[in-house]
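Engineer: Residue-level listing of the chains:
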Amino acid sequence: MRARLTLFWRLMIKPLAREPVRTTLTILAVALGVAVVLAMDLAGHAATGSFHSSLETLSGEQNFEVTATGGVPENLVGKLVSLPYGWRITPRMEDFAVLAELKKTLPLIGLDLIAESNHPALNKSAAAPDEKKSAASAAFSLEHLSARESIWVGNSLGKRPGDKLQLFINDRSATYIVRGVYPDANGSECAIVMDIAAAQLALSRTGRVDRVYIRVPQTSGDTNVALDEWQRRAQRILPEGIQVRPAGASTNENRKMLAAFRWNLELLSYIALVVGAFLIYNTISVSVVRRRAEIGIARALGASRRQILGAFLGEAIFIGIAGALIGIPLGRLMASGAVKLMGVTVTALYVTSRPGEIAFTLWSAGLALIVGAGVTLLSAWSPAYEAAHVPPIEALARGRREFELRVTKTSRLGIALTLALVATAASRVPPMGGKPIFGYIAALLAVAAGGVFAIPAFVDFAMNAVSHPLQKFLGVEALLASRSLSGSLRRTSVLVAALCTAVAMMTAVGIMVGSFRQTVVAWMDSELPADLYLRPVGNPSADQHPTISPQLSDAITRLPGVRAVQRLRAYEISYQGLPATLGSMDLDNRQIDRTTDFLSGRSTESVLTELRGAHNVIVSEPFTYKHHVKAGDVQMYITITPANVA
Amino acid sequence: MALVELRNVIKDYVSDDQKVRALDGVSLCVAPGEVVALVGRSGCGKSTLLNLAGAMDFPTAGEVLIDGHSTSGTSDEQLTRLRRDKIGFVFQSFQLLHTLSAAENVELPLLLAGRSGARESAFDRLRAVGLDGLENRFPHQLSGGQMQRVAIARALVNAPKVLLADEPTGNLDTLTGNAILELLLRLTREQRTATLVATHSTEAAGIADVVITLRDGKIADLKRK
Ligand SMILES: Nc1ncnc2c1ncn2[C@@H]1O[C@H](COP(=O)(O)OP(=O)(O)O)[C@@H](O)[C@H]1O
Ligand SMILES: [Mg+2]
Chain A
1 MRARLTLFWR
11 LMIKPLAREP
21 VRTTLTILAV
31 ALGVAVVLAM
41 DLAGHAATGS
51 FHSSLETLSG
61 EQNFEVTATG
71 GVPENLVGKL
81 VSLPYGWRIT
91 PRMEDFAVLA
101 ELKKTLPLIG
111 LDLIAESNHP
121 ALNKSAAAPD
131 EKKSAASAAF
141 SLEHLSARES
151 IWVGNSLGKR
161 PGDKLQLFIN
171 DRSATYIVRG
181 VYPDANGSEC
191 AIVMDIAAAQ
201 LALSRTGRVD
211 RVYIRVPQTS
221 GDTNVALDEW
231 QRRAQRILPE
241 GIQVRPAGAS
251 TNENRKMLAA
261 FRWNLELLSY
271 IALVVGAFLI
281 YNTISVSVVR
291 RRAEIGIARA
301 LGASRRQILG
311 AFLGEAIFIG
321 IAGALIGIPL
331 GRLMASGAVK
341 LMGVTVTALY
351 VTSRPGEIAF
361 TLWSAGLALI
371 VGAGVTLLSA
381 WSPAYEAAHV
391 PPIEALARGR
401 REFELRVTKT
411 SRLGIALTLA
421 LVATAASRVP
431 PMGGKPIFGY
441 IAALLAVAAG
451 GVFAIPAFVD
461 FAMNAVSHPL
471 QKFLGVEALL
481 ASRSLSGSLR
491 RTSVLVAALC
501 TAVAMMTAVG
511 IMVGSFRQTV
521 VAWMDSELPA
531 DLYLRPVGNP
541 SADQHPTISP
551 QLSDAITRLP
561 GVRAVQRLRA
571 YEISYQGLPA
581 TLGSMDLDNR
591 QIDRTTDFLS
601 GRSTESVLTE
611 LRGAHNVIVS
621 EPFTYKHHVK
631 AGDVQMYITI
641 TPANVA
Chain B
1001 MALVELRNVI
1011 KDYVSDDQKV
1021 RALDGVSLCV
1031 APGEVVALVG
1041 RSGCGKSTLL
1051 NLAGAMDFPT
1061 AGEVLIDGHS
1071 TSGTSDEQLT
1081 RLRRDKIGFV
1091 FQSFQLLHTL
1101 SAAENVELPL
1111 LLAGRSGARE
1121 SAFDRLRAVG
1131 LDGLENRFPH
1141 QLSGGQMQRV
1151 AIARALVNAP
1161 KVLLADEPTG
1171 NLDTLTGNAI
1181 LELLLRLTRE
1191 QRTATLVATH
1201 STEAAGIADV
1211 VITLRDGKIA
1221 DLKRK
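Chains A and B, in that order, give the protein sequences. The opening position of the first sequence corresponds to residue 1 in the working numbering, with each subsequent residue numbered one higher. The opening position of the second sequence corresponds to residue 1001 in the working numbering, with each subsequent residue numbered one higher.
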């Protein structure tokens, strides 16, 4: 036992201490691998797992939500309230306001504060310490409740009653007074709360509300059936075009839409796993391969296979655990950054959201540790096993494997070409169940083809190609460097493959985000061939459509030098259980040149002529894929109740 | 009884899909206390023969027997024990572990065998090869002759029955080389090992009991004193 420990210390640990730079780099590589895996795991869960919509803010427990494109007319709220069913009706305004001092977009919720003065969320402030309690109760004194400058904010904003806040709402800016602060620490988002009438005024949407919640009386027995029946009754009472859905349905729609994004993230985390594992494998296997000659000497001096394997596995565990110990906190740190980035992406692409908390569990730490130590172990095992199983003299002779690779590289190139052909074919197969299964197979094949089979030949070729010019321009040292690189072909190949995978991954993410931006830019260019594009202050989020008043657009039209103004209005709608954006614009504005390309190849003029004054729409290409519609289909059923122009 | 015996041994190497016959039907015996010198031009198969005799590699055909045990068809555990307990190997290029001191290099076979008193035995051996005082130096702090002495001390520390030395003087000047040869000869006689030395030097051939000349993998000549 003592001899074994002495041996382990001398042969495995001391060499580590003797090459501190190399050892540090090795441990850091493992740490980085662990960190990448952990960060993607944590961030993926946080960014999508607990997607939190601003719609859920302060909604309390409800049964149904009533919505309509462009808003629900107020008279319908009155109609619902007057029904003899004992329903609790909660109308709301929902939009966004921008905090002038922080340039931060927050949800703006309009509640009927007189009816809601015992709203659970707003009432929690009454449970605060005495001083606040009096402030809170003062906040609800009737004179302030419906005053148009009164607002209530979450305590995470750090404001106190009496503070003044400047807000941009749509195209207007005004100063508001904080009347009360409600606790929002436990997961609900900090929103700005106003009285519903004040919110309608601020948003220039008098006469309609954005959403009406219905809470039905608690019934005994089979509540599900009863709920269905209640929903049917509500739907019957309300005119066509008004939707009654279970509460949270729109949030669920958004969640459904985010499923694709989540799927991508999940895949990304698996890619991160592969890249992390690859990084670890490369580092560790190289560190074992480097010592192949030592393995040969030890075997010649009477070391058994078990001793060799045991020593390297012991060292691998040591490095793996050291790497994981550094990698776990590093990964946690990287996760915070990643969540922030993903939150921005989700908001830009889909819907205003706030990423959830990062749930750093024992399980994720365990996973990271298993990946770190496990992959390290496996990576060390394969070359150590190989070196321990050849005759000692062969282990002593370096370069033999490299030699073998050189011989087989031509046949490997053939395998790579075949795989590449299969990958090309697989990439043409349509998705299965909405998921590009064959696309992933194609990607995997491409990685296998490139990474494993083609790269040795490629590296060799590249080295041969550059060695002449290298020597010419950089002298003999450069030549030696390139020779020694191609000499250790195996190691170089692994490194090149790891780099390729990392670059490919970054490119993929870049394309994913970039292609969306690209389509937006392309669409804006063709649809809005304008020199200036005006939109109110705030996040450019996919689901926020702040408005500009017609007076302002008229004023801009009258400015000298302005040739034409094109007005555009967008709404969030729900179509076949998925969110969509409904856009509209002045078609009669003759001064705007339109150059939209239609897939049918028809001229812009003839398509737009059909739109004018008729029940026709044009849809985007992604929309046709998502909902399986084609030109001429009569499937859309959108009722827009007459709205005052905002 | 012979400690090392080769029976009609053939060894082929395959490279570039071409077969190279490094040994072609070699038979020989080495008895305890006997020194056999292998001479011949570079590439005639000396190293190959030593590797086979030390169970570092295995014959393509024929048999290699070490202390009566055939190296082919033996389990790896038995081979490991053979290398550990019966064979001392001195490599042409020393093959010292550069991260270990002289004494630690010499201790290595004993530690691998799990024997006690490794440190004392190592110091004894180093004294026997004339390196007392240099035990804690690292290989890069030693001269070529000193490194070769460390390698010899390491090869003999487990009191092997078979000592194999591949051109032990090849990297040394004549004077140092002769000293190393004398040392090998003395230790062989003292410990009654069966010793096989591949060499270029005529001095080495001069002190051997048997001189075998190899040519193209075959025994061309065998001179017994
Ligand atoms: N690992 C190997 N692969 C291929 N051929 C080898 C290998 N080792 C030795 N040879 C060939 O076998 C022959 C004998 O080599 P070797 O035993 O090293 O000769 P010597 O030690 O007498 O110089 C040579 O032709 C050499 O090229
Ligand atoms: Mg040789």
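Hints in this document: simulated from the structure, not taken from any laboratory. Be aware that one or more of the hints could be misleading.
Stated by the list, open to error - Short derived list, chain B residues pointing at chain A, Cβ under 7 Å:
#1 ASP1057
#2 ARG1119
#3 ARG1127
#4 LEU1222
Stated by the list, open to error - Over the 12 Å line for every Cβ pair with chain B, so calculated as not near, a few chain A residues:
#5 MET1
#6 LEU157
#7 LEU267
#8 HIS389
#9 VAL390
#10 GLU394
#11 ALA420
#12 VAL422
#13 ALA426
#14 VAL466
#15 THR609
#16 ALA614
#17 HIS628
Said to hold, decoys possible - For lysine to any residue, the following SDA-like pairs were computed, each having C-alpha atoms within a straight-line distance of at most 20 Å:
#18 LYS1019(B) with GLY1033(B)
#19 LYS14(A) with ARG1119(B)
#20 LYS1223(B) with GLY1033(B)
#21 LYS14(A) with ARG1137(B)
#22 LYS103(A) with ILE177(A)
#23 LYS1019(B) with PRO391(A)
#24 LYS14(A) with HIS1140(B)
#25 LYS256(A) with TYR575(A)
#26 LYS14(A) with GLY1025(B)
#27 LYS14(A) with GLU1135(B)
#28 LYS14(A) with LYS1223(B)
#29 LYS14(A) with GLN1141(B)
#30 LYS14(A) with PHE1138(B)
Just so we're clear, the structure is a prediction, and the values are computed from it rather than from any experiment. Backbone N, C-alpha and C fix where the C-beta goes; we use that ideal spot for every residue, glycine too.
Engineer: Against the earlier hints, flag every one the structure doesn't satisfy and list their numbers going up.
Structural biologist: Numbers 2, 3, 4, 5, 8, 9, 10, 18, 26, 28 - these are the hints that the structure violates, sorted from lowest upward.
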